[in-house]
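Residue numbers (the numbering used here), protein chains in the order written: chain A, 1 to 375; chain B, 1 to 361; chain C, 1 to 294.
There could be a bad hint or two in this list.
[To be verified] Residues from chain C that keep clear of chain A, each with C-beta distances beyond 10 Å, as calculated:
hint, residue
1, Val97
2, Ala104
3, Gly139
[Claimed, not checked] Heads up, simulated DSSO-like pairs for lysine-lysine below, C-alpha to C-alpha not over 30 Å straight-line:
hint, chain 1, residue 1, chain 2, residue 2
4, B, Lys200, C, Lys74
5, C, Lys28, B, Lys63
6, B, Lys356, C, Lys74
Rather than coming from a laboratory, the hints here were simulated on the basis of the structure. Just so you know, even glycine gets a beta-carbon here, dropped at the ideal spot from N, CA and C.
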Amino acid sequence: MNAPVFAPWTDQSAEPMIRFRNVTKKFGDFTAISNLNLDIYEKEFFALLGPSGCGKTTMMRMLAGFEEPTSGDIIVSGDNIGHLPPNQRPVNMMFQSYALFPHLSVWENIAFGLRRDKLPKDQISARVDEMLKLTRLEKFARRKPHQISGGQRQRVALARSLAKAPKLLLLDEPLGALDKKLREATQFELMDIQEKTGTTFVIVTHDQEEAMTVASRIAVMDEGKLVQVDTPDRLYENPNSRYVADFVGDVNIIEAKASPLDGDRYALHWSEAEDALIGTTSTALSDGQSCYMAIRPEKIAISADRPEDAANAVQGKVEDIGYLGNMSTYHVRLNSGSLIKAQVANQRRISRRAFAWEDPVWLSWTATAGVVLAD
Amino acid sequence: MTRTLTAATVTAALLGSVALADEVRVYNWSDYIDEALLEKFEQETGIELIYDVFDSNEVLETKMLAGGSGYDVVVPSGTFLQRQIQAGAFQQLDMAQLPNSGNLWDVIQDRTAQYDPDNAYSINYMWGTTGIGVNVPKVQEILGEDAPIGSLDLIFNPDNMAKLAECGVYFLDAPSEMIPAALAYLGEDPNSHDSDTIAKTEAVLGGVREHVAKFNSSEYINALANGDICVAFGWSGDILQARDRAWEADNGVEIAYNAPSEGALMWFDQMAIPVDAPNPEGAHVFLNFIMDAQNMADASNYVYYANGNAASKPLLEEDVISDPAIYPDEETLKNLYTTTPYDARVQRQVTRLWTKIKSGT
Amino acid sequence: MLRRWFLIAVPYVWLLALFLVPFLIVFKISLSDAAIARPPYLPVFSWGDSIIDFIRELDFENFIFLTEDDLYWKAYLSSLQIALIATILTLLVGYPVAYAMARAPEHWRPTLMMLVILPFWTSFLIRVYSWMGILSTEGFLNQFLLWVGVISSPLQILNTDTAVYIGIVYTYLPFMILPIYATLDRLDGSLIEAAEDLGCSRASAFWLVTLPLSRPGIIAGCFLVFIPTIGEFVIPSLLGGSDTLMIGKVLWEEFFSNRDWPVASAVAVVLLLILIIPIVLFQRNQQKQAEADR
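Please put together the full structure from these sequences, using the hints given.
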């Protein structure tokens with residue numbers, strides 16, 4: 001059995017559902033979004049990721065209709081909706097604050113959008129019940145928002161925004177107000193609901209873990225521009241810039257000068273006192289070009305003796321150990337003075353830990369474990 | 001004499017007072033004295049004078065009846081004075097401290113004695129009449145050359161009032177003035193305290209009510225002077241003030257005051273000393289100062305009201321002493337009547353009747 | 001323990017001294033009889049007299065009297081009517097002002113708030129007097145309208161009920177604006193966006209979300225205007241006509257013209273009883289609001 005992989009962005013013939021075309025948004029002198037192009041496909045769970053002020057919220061508010069683009073087009077299902085008011089868009093939004101109407105019960109909150117469409121009563125009632133069931137809120141239908149917990153409120157907000165069966169659902173930091181455990185459970189719930197309803201989700205978040213968990217694709221944004229748009233694994237394994245490598249996950253960045261070896265292999269000179277590192281990249285680098293090697297901590301092996309066949313090996317002393325339960329992070333000070341983080345899964349009980357503070361250790365990784373990024 | 005509440009009254013009512021020995025607190029009607037006299041008093045006697053004003057007998061009376069007003073000299077009108085004496089609000093005057101009391105005018109003394117027997121509690125400050133002020137050319141234009149501007153027929157005959165309504169008529173908002181006037185118009189005793197007789201005035205006042213632009217006791221001065229209205233039933237001095245303002249403005253408005261031929265109310269404003277006055281000696285000094293012939297003449301020359309001081313008459317200015325609207329001639333003087341205070345039951349009937357006439361309820 | 005007891009006692013002592021004692025004095029006078037005396041009623045209590053004898057002389061005659069003359073209930077009803085209409089008018093003027101203030105740019109709001117409160121810096125009486133200057137037949141308003149040519153002869157506004165309404169709306173407007181502004185200011189802007197997102201136009205979002213959510217402010221504002229307006233005396237006596245019938249004026253006449261302190265006190269006691277109903281309702285609204293905020 002070979003289920004077809006959901007990846008319409010790789011299909012040249014697929015028609016995107018949402019297209020941003022040369023969209024620019026300015027607030028006075030401040031440019032929030034600068035000449036941006038982006039395609040989002042039907043049934044995608046698409047994440048806009050970036051630090052606060054990067055423009056991700058502006059993107060979402062332009063989709064919802066709360067902001068109009070200064071120039072450029074926003075096309076949803078072939079229609080240019082850039083200047084439509086929010087109530088005329090096939091789009092619903094789940095607000096970061098949930099924005100539940102405090103004077104209405106849970107039931108009335110969910111029915112609010114349906115009533116605006118002047119649907120028959122029994123139809124509204126059936127749809128609300130369906131939504132209550134989907135979000136497991138049946139018991140709370142008569143309660144007012146201030147009478148239920150934060151997690152329940154979050155589900156009411158979701159049910160309300162899904163009630164009208166929008167083509168596109170926007171989620172603005174939907175899990176930001178929940179504690180960590182509930183957040184993780186809800187992430188899977190969101191994915192489940194997205195799959196069940198077949199709605200296209202666009203989520204805005206500053207939490208890279210959350211984006212990695214839920215999204216089919218992630219757009220990493222910085223200062224009003226898209227830095228990289230890719231699937232979570234490619235974003236993690238093949239960041240296209242130091243910015244993305246640094247933003248997504250934990251990483252060691254080593255500054256170096258490249259000198260080409262054979263094929264896509266390069267020798268990276270990074271320290272007078274140490275040997276050159278070996279790395280690969282598809283980007284052609286000239287001799288002596290400054291570059292970075294980005295290497296994830298979990299891709300670094302740690303050992304007492306120098307490994308025989310490692311492409312890269314450096315020696316240092318354990319300076320700090322971060323115990324995370326399932327794994328430990330070792331901060332190793334190299335002889336040259338740089339600090340490198342290495343992560344090791346804790347397969348054994350802690351009493352048998354191999355290394356202690358001040359132990360001399362070797363760190364090693366293969367030539368393809370890290371990514372070499374041009375400056 | 002009744003006037004509506006104004007800012008000055010309320011402000012005065014709100015002010016508490018703690019008296020000192022070397023000061024005298026006087027509570028008088030607003031715009032009722034030449035301020036130069038107040039300075040003169042302080043210079044002559046070395047007593048500090050604190051002078052507050054009111055413009056409603058009712059407010060003054062409430063202060064007197066409640067007690068502890070902190071004033072040394074107050075100026076109620078005759079009927080109010082009488083009731084307040086009964087209530088025990090005033091102290092008898094010490095004539096030994098009032099050498100100038102010989103200046104008082106016996107004609108007025110005789111009349112004020114009906115409110116204050118033997119004039120034991122008060123001295124007269126000013127007196128006047130209540131009558132009709134008209135804008136002569138306007139009224140003659142509407143009612144003809146022989147318009148009855150000196151008769152109550154002008155204001156109580158609905159035929160006349162229906163025509164005058166177009167140029168504007170104001171009445172005093174004071175039942176104790178209007179009901180005696182209506183009784184005089186009916187040929188009844190203006191000072192009647194009989195319920196049935198008083199009830200007859202409802203037909204007279206109610207019959208012209210719709211033609212009265214406003215019941216108000218102070219605005220008619222300006223309204224007459226500006227030509228906004230052509231008839232006002234009000235107090236002599238006020239209407240004379242309107243006459244002077246119109247002269248000064250030279251706006252073509254010509255005002256005349258007449259005490260009605262059917263009889264006009266004569267009223268008296270009396271100075272008295274509250275029973276709990278903090279400084280009765282100082283109060284006597286002030287009363288004696290006021291009774292000085294020259295001082296009293298200065299006061300009348302300033303406010304255009306007649307006073308009860310015989311010695312001051314030669315010192316009055318010609319336009320005051322010889323104006324029959326201020327000092328009526330013998331004939332008119334006979335025609336003036338006075339009123340006495342109503343008892344509680346009749347007072348209630350009068351107030352109620354007045355409310356009914358004004359509001360229809 | 002002592003400290004806690006003290007903290008509880010303070011508001012009660014306050015209430016006792018500033019409300020209950022004066023009320024009992026007024027109530028006692030309302031059970032007395034008018035007299036030409038100082039003070040003008042009997043009996044007057046003095047220490048040393050038998051309290052029993054004193055109480056025997058009190059009766060409810062004055063309250064019975066109030067039911068015998070239709071003037072009083074008509075005046076109460078007319079006051080309620082004027083207060084009700086004035087409250088609605090104040091709401092109609094105050095709500096848009098409060099709404100505009102809450103929607104104004106952040107840095108403008110302290111200034112706007114200041115402008116709303118500014119009139120309180122001048123004497124209330126002076127402000128009412130200036131309205132007499134504006135509204136009189138030869139006043140600014142008529143002169144302006146004549147100059148513009150809207151009217152050919154001056155309008156009689158002063159000394160009518162219209163002037164009373166203008167006076168009340170003007171005087172009590174801040175009491176309407178401030179509580180409504182407070183609720184609108186606290187209103188989460190994303191609620192309006194959510195309503196629009198779910199299919200509301202601007203107008204229907206206002207009706208379905210903004211208005212219901214500002215209800216506590218509207219109720220508070222209405223009570224703050226309605227309650228003092230019922231007993232209002234200065235505005236109707238200065239701006240109103242002779243035929244403006246309000247209980248405050250009737251009370252004034254009982255007190256000053258009739259010198260009947262006992263009947264005046266009875267009128268005041270009944271007025272207070274009438275006011276207790278809206279005051280209790282107001283308290284419950286405030287309580288509910290406080291609970292909802294928690």
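Going down the list of hints, with the structure as the test:
no., hint, verdict
1, Val97, "23 Å, holds"
2, Ala104, "18 Å, holds"
3, Gly139, "45 Å, holds"
4, Lys200/B - Lys74/C, "24 Å, holds"
5, Lys28/C - Lys63/B, "20 Å, holds"
6, Lys356/B - Lys74/C, "12 Å, holds"
Violated hints are absent here; each numbered hint is respected by the structure.
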